[in-house]
Amino acid sequence: MAQAQQIPAQGQADPRCFKLISGHTIPSVGLGTWRSGPKASDAVFTAITEDWIHNRALLKKYLPGISGGTWPHSCYASWDRQTRPIHRIQDMIHWPFRLKEGAHKPPEAGEVLDFDMEGVWRQMEQLVKDGLVRDIGVCNFTLKKLDKLLRIAQTMPSVCQMEMHPGWRNDKMLEASKKNGIHVTAYSPLGSQDGGRDLIHDPTVTEVANKLNKTPGQVLVRWALQRGTSVIPKSTNAERIKENIQVFGWEIPEEDFRALNSIRDQRRVLDGEDILVNKIHGPYRCAADLWDNED
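If you read the sequence shown in UniProt numbering, its first letter stands for residue 1, the second for the next number, and so on.
Calculated directly from the structure, the hints in this document are not laboratory data. Heads up, a few of these hints could be off.
Claimed, not checked - Derived BS3-like pairs: lysine-lysine, alpha-carbon spacing no greater than 27 Å straight-line:
1) 19 with 129
2) 129 with 211
3) 148 with 279
4) 129 with 145
5) 211 with 19
6) 211 with 242
7) 148 with 179
8) 100 with 148
9) 19 with 144
10) 19 with 179
Unchecked claim - Now the in silico label distances, taken between C-beta atoms and shown as ranges:
11) 253 with 115: 36 to 46 Å
12) 102 with 212: 40 to 50 Å
13) 151 with 228: 17 to 27 Å
14) 250 with 175: 20 to 30 Å
15) 150 with 23: 13 to 23 Å
16) 280 with 228: 40 to 50 Å
17) 264 with 122: 37 to 47 Å
18) 292 with 110: 19 to 29 Å
Glycine residues also receive a C-beta, built at the ideal position from the N, C-alpha and C atoms.
Full structure from sequences and hints, please.
Here it is in structure tokens:
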């Protein structure tokens, strides 16, 4: 099965895009907007003026025709041809779980419902057939869940979006996705101060950045690109947004790339515990349960 590859543009390789299994393309670098709140609109405006195309989470609020994630209640019912005349480029299952409408955080007893993966994916596939979405994909999947999906999918997922950075390489999911021709988009590539994984100030990252005369953010974005993934760094700071797109025309040398790959403290920023775990009533009593104990 074909792998996602950087595509030629006007006769020359264009590192700013990857070609998907569907034949469509996806920008190499985008803008993360999760938890950006009211600052997201200004961030999106800056990104657009700086030739950013990709997006995540709240961007669909400001540009509903571009891309977004679906919480699996009824993804097709959320689409209305009259109120959504602009088609999204991409839609994906944001989390492979199902919560009762109005569920608490964390969920209370009975608020985590059975997730009908095949039923949800059939609705996603219908969006493609009806021309409402160009590509469909998944997010926050495990090897087990991806394998289950691939056994029933009639339309292959074009993209698998996962947390990936030198502090959580997620090598197994990257390899499984590539093996099946699924392009990977890395979210939270800079880590997170709120999540206790601030890679911007990681000693290895800053050492490489100083050596290359680049910012730590640029090094982290470039690291993701050199792994063959697209990447969506989050920022609401206009200057940082502009910096984070300046990642073409140079590379991280092999020695420094290996150093970034050798960071030992491997752990997630976003483990989903506050969203989906009920430690008393379950069915997910810890974050490891969410990730099928694969970490």
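The hints, checked one at a time:
no., hint, result
1, 19 with 129, "holds (20 Å)"
2, 129 with 211, "violated (50 Å)"
3, 148 with 279, "holds (26 Å)"
4, 129 with 145, "holds (24 Å)"
5, 211 with 19, "violated (32 Å)"
6, 211 with 242, "holds (21 Å)"
7, 148 with 179, "holds (15 Å)"
8, 100 with 148, "holds (23 Å)"
9, 19 with 144, "holds (26 Å)"
10, 19 with 179, "holds (15 Å)"
11, 253 with 115: 36 to 46 Å, "holds (44 Å)"
12, 102 with 212: 40 to 50 Å, "holds (49 Å)"
13, 151 with 228: 17 to 27 Å, "holds (25 Å)"
14, 250 with 175: 20 to 30 Å, "holds (26 Å)"
15, 150 with 23: 13 to 23 Å, "holds (19 Å)"
16, 280 with 228: 40 to 50 Å, "holds (42 Å)"
17, 264 with 122: 37 to 47 Å, "holds (42 Å)"
18, 292 with 110: 19 to 29 Å, "holds (22 Å)"
The structure is inconsistent with the numbered hints 2 and 5, although it conforms to all the rest.
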